[in-house]
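**Student:** The lines below spell out each chain.
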Amino acid sequence: NAGVMQNPRHLVRRRGQEARLRCSPMKGHSHVYWYRQLPEEGLKFMVYLQKENIIDESGMPKERFSAEFPKEGPSILRIQQVVRGDSAAYFCASSPGFDNQPQHFGDGTRLSIL
Amino acid sequence: AQKVTQAQTEISVVEKEDVTLDCVYETRDTTYYLFWYKQPPSGELVFLIRRNSFDEQNEISGRYSWNFQKSTSSFNFTITASQVVDSAVYFCALSEAYSGNTPLVFGKGTRLSVIA
Chain P
15 NAGVMQNPRH LVRRRGQEAR LRCSPMKGHS HVYWYRQLPE EGLKFMVYLQ
65 KENIIDESGM PKERFSAEFP KEGPSILRIQ QVVRGDSAAY FCASSPGFDN
115 QPQHFGDGTR LSIL
Chain W
1439 AQKVTQAQTE ISVVEKEDVT LDCVYETRDT TYYLFWYKQP PSGELVFLIR
1489 RNSFDEQNEI SGRYSWNFQK STSSFNFTIT ASQVVDSAVY FCALSEAYSG
1539 NTPLVFGKGT RLSVIA
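So the protein lines, in turn, are chains P and W. First residue of the first sequence? That's 15 in our numbering, and the numbers climb one at a time after it. First residue of the second sequence? That's 1439 in our numbering, and the numbers climb one at a time after it.
To be clear, the hints were calculated from the coordinates, so they are not data collected in a lab. Each residue gets a CB set at the ideal place from its N, CA and C atoms; glycine is no exception. Treat the hints with care, as some may be off.
[Stated by the list, open to error] Each computed DSS-like pair below joins lysine-lysine, with the alpha-carbon atoms no more than 25 angstroms apart:
| # | chain 1 | residue 1 | chain 2 | residue 2 |
| --- | --- | --- | --- | --- |
| 1 | W | Lys1508 | W | Lys1476 |
| 2 | W | Lys1476 | W | Lys1454 |
| 3 | P | Lys76 | W | Lys1508 |
| 4 | W | Lys1454 | P | Lys58 |
| 5 | P | Lys76 | P | Lys58 |
| 6 | W | Lys1476 | P | Lys58 |
| 7 | P | Lys76 | W | Lys1476 |
| 8 | P | Lys41 | W | Lys1476 |
| 9 | P | Lys41 | P | Lys85 |
| 10 | W | Lys1476 | W | Lys1546 |
| 11 | P | Lys58 | W | Lys1441 |
| 12 | W | Lys1508 | W | Lys1454 |
[To be verified] Here are some chain W residues the structure puts well away from chain P; computed CB gaps all over 10 angstroms:
| # | residue |
| --- | --- |
| 13 | Val1442 |
| 14 | Ala1445 |
| 15 | Ile1449 |
| 16 | Val1452 |
| 17 | Glu1455 |
| 18 | Pro1479 |
| 19 | Ser1491 |
| 20 | Glu1494 |
| 21 | Ser1503 |
| 22 | Ser1511 |
| 23 | Ser1512 |
[Said to hold, decoys possible] Computed spacing ranges between beta-carbons, pair by pair:
| # | chain 1 | residue 1 | chain 2 | residue 2 | range |
| --- | --- | --- | --- | --- | --- |
| 24 | P | Gln94 | W | Glu1482 | 32 to 38 angstroms |
| 25 | P | Leu128 | W | Pro1479 | 22 to 28 angstroms |
| 26 | P | Gly17 | W | Thr1443 | 40 to 46 angstroms |
| 27 | P | Pro116 | W | Gln1495 | 31 to 37 angstroms |
Produce the complete structure using the sequences and hints provided.
**Tutor:** Shown next, in the form of structure tokens:
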């Protein structure tokens, strides 16, 4: 399956721990987007990255959240010192960045904070 | 600012009924894309359709059809002869189109339950 791969599928953390969510884009895609879906809500944009660059992080909380998309390897969404309110589904999408191709979504990571 | 409104939070229909999911959007962009996604109980997002703002032709794909009305800023989705497998949350979304690389703005979704 050459789709967008997210892992882990489920992640449980205690308050104060760190959460790392990974996203491998589709082959040939160099643009990655992270979205957060709170319970019973739609998806909200967090951050948009190209390889080694953050293009738009207007949807990312200013504290505790960071994202990277290194030259090699997956994109990582990192949440430090997690709190109960961080419990959500986090979706990654990728696109090739040309020809107005649509974003393809991964299956998401469900983060639960105890 | 862009905004997508899905006024119907939950809809229940009996199998084989037709159902229409409403989507109203706001944008100042002259070119934009509209999308529909399906999120079944398993949680993944399934892409259904993308429509360019220049193309107001209605689209039909099997039991699915979409009605794009630029005059009313609406992009409604109809499922004909609904089936239990159509039970899911459906999201309408919007993005600007001139670069193709902008984030999507999602509505809050409509939860459709199809009862056998």
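**Student:** Indicate, hint by hint, whether the structure satisfies it.
**Tutor:** Each hint, compared with the structure:
no.: 1; hint: W:Lys1508 - W:Lys1476; in the structure: holds (23 angstroms)
no.: 2; hint: W:Lys1476 - W:Lys1454; in the structure: holds (19 angstroms)
no.: 3; hint: P:Lys76 - W:Lys1508; in the structure: violated (36 angstroms)
no.: 4; hint: W:Lys1454 - P:Lys58; in the structure: violated (33 angstroms)
no.: 5; hint: P:Lys76 - P:Lys58; in the structure: holds (15 angstroms)
no.: 6; hint: W:Lys1476 - P:Lys58; in the structure: holds (16 angstroms)
no.: 7; hint: P:Lys76 - W:Lys1476; in the structure: violated (30 angstroms)
no.: 8; hint: P:Lys41 - W:Lys1476; in the structure: holds (23 angstroms)
no.: 9; hint: P:Lys41 - P:Lys85; in the structure: holds (14 angstroms)
no.: 10; hint: W:Lys1476 - W:Lys1546; in the structure: holds (12 angstroms)
no.: 11; hint: P:Lys58 - W:Lys1441; in the structure: holds (12 angstroms)
no.: 12; hint: W:Lys1508 - W:Lys1454; in the structure: violated (29 angstroms)
no.: 13; hint: Val1442; in the structure: violated (8 angstroms)
no.: 14; hint: Ala1445; in the structure: holds (13 angstroms)
no.: 15; hint: Ile1449; in the structure: holds (15 angstroms)
no.: 16; hint: Val1452; in the structure: holds (24 angstroms)
no.: 17; hint: Glu1455; in the structure: holds (25 angstroms)
no.: 18; hint: Pro1479; in the structure: holds (13 angstroms)
no.: 19; hint: Ser1491; in the structure: holds (12 angstroms)
no.: 20; hint: Glu1494; in the structure: holds (18 angstroms)
no.: 21; hint: Ser1503; in the structure: holds (20 angstroms)
no.: 22; hint: Ser1511; in the structure: holds (18 angstroms)
no.: 23; hint: Ser1512; in the structure: holds (17 angstroms)
no.: 24; hint: P:Gln94 - W:Glu1482: 32 to 38 angstroms; in the structure: violated (27 angstroms)
no.: 25; hint: P:Leu128 - W:Pro1479: 22 to 28 angstroms; in the structure: holds (24 angstroms)
no.: 26; hint: P:Gly17 - W:Thr1443: 40 to 46 angstroms; in the structure: violated (30 angstroms)
no.: 27; hint: P:Pro116 - W:Gln1495: 31 to 37 angstroms; in the structure: violated (18 angstroms)
Of the numbered hints listed earlier, those contradicted by the structure are 3, 4, 7, 12, 13, 24, 26 and 27.
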